[in-house]
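What follows is the residue order along each chain.
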Amino acid sequence: MTYPWYCLVDSDELKQGDILEDCPVFSPPSNLTPNFLKDSEAEAVFEWEERDVIIMSQSCDLVKGREKLEEVLLCAVWKQSELTQLPKEPLSTKEGMEEARKGRRPAFQVLNECELAKVRKEFRIVDFRRTYTLPTDFCREFAAIAQNRIRLLPPYREHLSQAFARFFMRVGLPTDIPSFK
Amino acid sequence: MLVQHTQATATIGTDRTFLFDDTNIESISYSFHEIEKDTLPGFLVQNTSSCNRLSVYQEIRFRITQEFANTQQEYLESFFYDEEDLLDWDAAIITPPPRPSGTIRVKLKYKGRSKPFPFENFWEE
Numbered sequence: 001m002t003y004p005w006y007c008l009v010d011s012d013e014l015k016q017g018d019i020l021e022d023c024p025v026f027s028p029p030s031n032l033t034p035n036f037l038k039d040s041e042a043e044a045v046f047e048w049e050e051r052d053v054i055i056m057s058q059s060c061d062l063v064k065g066r067e068k069l070e071e072v073l074l075c076a077v078w079k080q081s082e083l084t085q086l087p088k089e090p091l092s093t094k095e096g097m098e099e100a101r102k103g104r105r106p107a108f109q110v111l112n113e114c115e116l117a118k119v120r121k122e123f124r125i126v127d128f129r130r131t132y133t134l135p136t137d138f139c140r141e142f143a144a145i146a147q148n149r150i151r152l153l154p155p156y157r158e159h160l161s162q163a164f165a166r167f168f169m170r171v172g173l174p175t176d177i178p179s180f181k
Numbered sequence: 001m002l003v004q005h006t007q008a009t010a011t012i013g014t015d016r017t018f019l020f021d022d023t024n025i026e027s028i029s030y031s032f033h034e035i036e037k038d039t040l041p042g043f044l045v046q047n048t049s050s051c052n053r054l055s056v057y058q059e060i061r062f063r064i065t066q067e068f069a070n071t072q073q074e075y076l077e078s079f080f081y082d083e084e085d086l087l088d089w090d091a092a093i094i095t096p097p098p099r100p101s102g103t104i105r106v107k108l109k110y111k112g113r114s115k116p117f118p119f120e121n122f123w124e125e
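Going down the list, the protein sequences come from chains A and B. Everything in the first sequence is counted per the working numbering, starting at 1 for the first residue and increasing by one. Everything in the second sequence is counted per the working numbering, starting at 1 for the first residue and increasing by one.
Isolated chain A (complex conformation) (with noise of 0.2 Å):
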């Protein structure tokens, strides 16, 4: 028995695991104080860019007609090829890819390259560091638009939400036990 790691998806139908790439995240500027709020004149410049982006939030969150959520929880999540780019951080090394690949970098998920016989997309990181919403409107207009989508299927999906929760249930220990030399 196989279990696929990836399936295709021609609809705006969002879950967990759902690949979104080239879309849309906006950045607010760092000025944007509370003062700055109470300005009814004020103007800001939101920077935008297009990024690869994974569903995190939960999929019966997300049924159609049915949404519990106003807002998606999306996380970034990086080809390999864009990483080597990177030559002094650890994932840009064979060595720190099979450190994430174990489990043992907890900010960041590695997922299997898609072979599916209409796609084919390279090793890719999600990372947990960095979050972002955007409206679920917003998100299954994307989704719908979107040619030749991937998604995440289980157990592979569930096993990113587990990491995804365990990287924010990390406790760092006021003492710790020394390493064992």
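Misleading hints may appear alongside valid ones.
[What the hints assert, rightly or not] Listed next, the in silico DSS-like pairs over lysine-lysine satisfying Cα-Cα at most 25 Å (straight line): (1) K121(A) x K109(B); (2) K38(A) x K107(B); (3) K102(A) x K79(A); (4) K115(B) x K79(A); (5) K115(B) x K88(A); (6) K109(B) x K38(A).
[What the hints assert, rightly or not] Rough simulated footprint, nothing fancy, chain A against chain B, three-plus residues with beta-carbon under 8 Å: (7) 97–105; (8) 109–117.
[What the hints assert, rightly or not] Sample of chain A residues facing chain B (criterion: CB under 7 Å; computed from the structure): (9) A42; (10) A44; (11) V45; (12) F46; (13) E47; (14) W48; (15) E50; (16) W78.
Bear in mind the hints are in silico, worked out from the structure with no lab data behind them. Glycine is no exception: its CB is placed at the ideal position from the N, C-alpha and C atoms.
Guided by the hints, dock chain B onto chain A, whose structure is given.
Just chain B, lined up with the frame of chain A:
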């Protein structure tokens, strides 16, 4: 409690005890009603070896099983839990509490495709 073919006892209810002995086997069939009503012949309610083994053995076994099942049901129903302690996964604040809000004008500035950020080892302090 199983009634065996050798000398054994079976208790129906709280105070009815039958002693069975297979030395004189005679098949007599009695209904549950008669067992409960204690209308069985007196010689059956004796703890002597002259009691006959009855085919009621099977009926008593069923009765014991039924009583056991009823006891289990009562046991399970005896657990008390407060429904308020059950989690409501769909609980939501439909109308958020009023807080300062407003609208600001924004200009969008396109920066192209994102690039990865510098990585750190979060296990290292």
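### Query
Is the interface hint for E50(A) satisfied, with its Cβ closer than 7 Å to some Cβ of chain B?
Because about 5 Å separates E50(A) from the closest Cβ in chain B, which is inside the 7 Å limit, the hint holds.
### Message
At least three residues with a C-beta closer than 8 Å to a C-beta of chain A: is that true for the segment 97–105 of chain B?
### Response
holds (count 3)
### Minimum beta-carbon distance criterion (7 Å), V45(A) to chain B
The hint holds - V45(A) has a Cβ within 7 Å of chain B, the shortest such distance being about 5 Å.
### A42(A) as chain B interface residue, shortest Cβ-Cβ below 7 Å
With a closest approach of 5 Å, the A42(A) hint holds.
### Task
With a C-beta cutoff of 8 Å, work out whether three or more residues of the segment 109–117 of chain B approach chain A closely enough for the coverage to hold.
Satisfied; 9 residues make the cut.
### Message
Between the alpha carbons of K109(B) and K38(A), is the straight-line distance 25 Å or under?
### Response
The given pair, whose Cα atoms are some 23 Å apart, holds under the 25 Å limit.
### Query
Under the criterion that the straight-line Cα-Cα distance not exceed 25 Å, is the pair K102(A), K79(A) satisfied?
holds, 18 Å
### Agreement of K121(A) and K109(B) with the hint, judged by alpha carbon distance not exceeding 25 Å
violated, 29 Å
### Message
Run the distance test for K115(B) versus K88(A): straight-line Cα separation, threshold 25 Å.
### Response
Cα-Cα ~15 Å, so holds.
### Message
Just to be careful, I want the Cα atoms of K38(A) and K107(B) compared with a cutoff of 25 Å; is the pair within it?
### Response
holds, 18 Å
### Message
Quick check on A44(A) please, does its C-beta sit within 7 Å of some C-beta on chain B?
### Response
holds, 5 Å
### Task
For the pair we were handed, K115(B) and K79(A), check the Cα-Cα distance against 25 Å.
Status holds; Cα separation ~10 Å.
Hint violations for this structure: number 1 only, all remaining hints satisfied.
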